Amino acid sequence: MPQTLDLTPFILSFKLAGATTIILLIISLPLSWYLSQTKSKIKPYLEAVTSLPIVLPPSVLGFYILIIFAKVDLAFTFIGLVIASCFYSLPFMVQPLQSGFEGLNKNMLEASYISGKGKIETIVKVALPNIKPSLITAIIITFAHTVGEFGVVLMVGGSIPNETKVASVAIYELVEIMDYSTAHIYSAIMVGISFLVLLGVYIFNHKQRKYL
Amino acid sequence: MIKVDINKTLHGASGEMDLTINLQIKEGDFIALAGQSGSGKTTLLRILAGLEEAKGTIQIGNDIWLDNKKSLAPQKRKIGFIFQDYALFPNMSVEENLLFVKKDKQLVKRLLEITELSQLAKRLPNSLSGGQKQRVSLCRAMMNRPKLLLMDEPLSALDPAMRTKLQNEILLLHKEFGTTTIMVSHDPSEIYRLASRVVVLELGQIVNDGTPKEVLLQTSGSQKFSFEGELLEIIQIDVIFVAIVAIGQQLVEVVISEYEAKNLKVGESVRVSTKAFAPTISQ
Numbered sequence: 001m002p003q004t005l006d007l008t009p010f011i012l013s014f015k016l017a018g019a020t021t022i023i024l025l026i027i028s029l030p031l032s033w034y035l036s037q038t039k040s041k042i043k044p045y046l047e048a049v050t051s052l053p054i055v056l057p058p059s060v061l062g063f064y065i066l067i068i069f070a071k072v073d074l075a076f077t078f079i080g081l082v083i084a085s086c087f088y089s090l091p092f093m094v095q096p097l098q099s100g101f102e103g104l105n106k107n108m109l110e111a112s113y114i115s116g117k118g119k120i121e122t123i124v125k126v127a128l129p130n131i132k133p134s135l136i137t138a139i140i141i142t143f144a145h146t147v148g149e150f151g152v153v154l155m156v157g158g159s160i161p162n163e164t165k166v167a168s169v170a171i172y173e174l175v176e177i178m179d180y181s182t183a184h185i186y187s188a189i190m191v192g193i194s195f196l197v198l199l200g201v202y203i204f205n206h207k208q209r210k211y212l
Numbered sequence: 001m002i003k004v005d006i007n008k009t010l011h012g013a014s015g016e017m018d019l020t021i022n023l024q025i026k027e028g029d030f031i032a033l034a035g036q037s038g039s040g041k042t043t044l045l046r047i048l049a050g051l052e053e054a055k056g057t058i059q060i061g062n063d064i065w066l067d068n069k070k071s072l073a074p075q076k077r078k079i080g081f082i083f084q085d086y087a088l089f090p091n092m093s094v095e096e097n098l099l100f101v102k103k104d105k106q107l108v109k110r111l112l113e114i115t116e117l118s119q120l121a122k123r124l125p126n127s128l129s130g131g132q133k134q135r136v137s138l139c140r141a142m143m144n145r146p147k148l149l150l151m152d153e154p155l156s157a158l159d160p161a162m163r164t165k166l167q168n169e170i171l172l173l174h175k176e177f178g179t180t181t182i183m184v185s186h187d188p189s190e191i192y193r194l195a196s197r198v199v200v201l202e203l204g205q206i207v208n209d210g211t212p213k214e215v216l217l218q219t220s221g222s223q224k225f226s227f228e229g230e231l232l233e234i235i236q237i238d239v240i241f242v243a244i245v246a247i248g249q250q251l252v253e254v255v256i257s258e259y260e261a262k263n264l265k266v267g268e269s270v271r272v273s274t275k276a277f278a279p280t281i282s283q
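As you go down the protein sequences, you meet chains X and R in turn.
Letter by letter, the first sequence follows residues 1 to 212 of our numbering.
Letter by letter, the second sequence follows residues 1 to 283 of our numbering.
Dumping the calculated DSSO-like pairs for lysine-lysine here, alpha-carbon to alpha-carbon at most 27 Å:
1. X/LYS117 / R/LYS102
2. X/LYS41 / R/LYS8
3. X/LYS117 / R/LYS147
4. X/LYS117 / X/LYS106
Don't read these hints as lab results, they were simulated from the structure.
Just so we're clear, the structure is a prediction, and the values are computed from it rather than from any experiment.
Please put together the full structure from these sequences, using the hints given.
Below is the structure:
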């Protein structure tokens, strides 16, 4: 049993997940709105590309990103890790938002346009407040998924303490050096936090459905 | 004067259809748009609102909303539009729904008073009944003080008592705000009560256009009393034939001759009329 528990991998994980979630939210809002409203023929192509990270092995994604990063000097840095995570977690932000927007009453959006409101005001004041459950789900799942990522992080970030050694990588290394007791504590913390986060989402969404 | 001369090819359930409308509407008129579903009524409203594209011209007084050069965005047309499903903003209270259109608290107060909704100003739409929701939607549509008010079957989801109440409020607001109103409706009594002119569409064309009296009173010749209905069954009792006809929500029995019984087919649309006696109306 170690005397003091090193919490930096957790802090790093949450920093990475926080940065990724904020960046993805900014990118995904216009993208998912476009996907939900467009009748263009390129829609299925865009949907397929944004969903790729769900089906691709993380090693494939990591391999491509690593090759690109090697040229621009981003491999094994925290910023590189954030960029890689944005690719990896993109579908988890886009899909709930898109289905939320698609589920909105079209007449309600048209009523807003007829009231003289433009697209942006309609999105901010009408669309987003009415897809709160989808919005919260998208944010939390993206955050949780980034905290839980392993393959891409290991390939792109390596395991540099205080820079790229996040919790999932730290646990992997502890198991490799057979420090099972620390691995147990780290893993239990991950299970506990993940459970609480998901529980929070489901309780919130359950309450919201009653009102909307 | 409102001049509409538009054309659009629709891809409906029964194949391609040309919607060709040429209409001149006096300002302040109350027009009822009637016709079977799929005849293009809703599409016409949506084209007037700028929610759908079409070829041709739309001119409101001196303003041009649509010609071959431009199509004015729905945001700039300053119309009121009432949807059958109310389309209120669920995240905003009754009052906020109205203020969203225009920050005019005086007007909100007045509209809510006219429609007897003042007590519900702070409530969220989902806690209201259908009739209350549609009244909120009506108030919201008036917030722009629209020159043109468009209604797509606004009352078809409501019960008869609530319909009558709302019909009166619609008429009141139509007069008070001096709007030109176009309403899609299937209900002859509603059309008769509200509209000054009825335009009937069939397969994208105007097939009838006149006052409610001219269009709706379906008596011909010396008939004084006439109903359209569906023939449900012909029953033979000894030598007498009885036809069961559905007229609206009512079923009626009509005695017919053997000759008539042979020529009528069950499922046909029939007309029940009489001129030989004076029908009585009682409560």
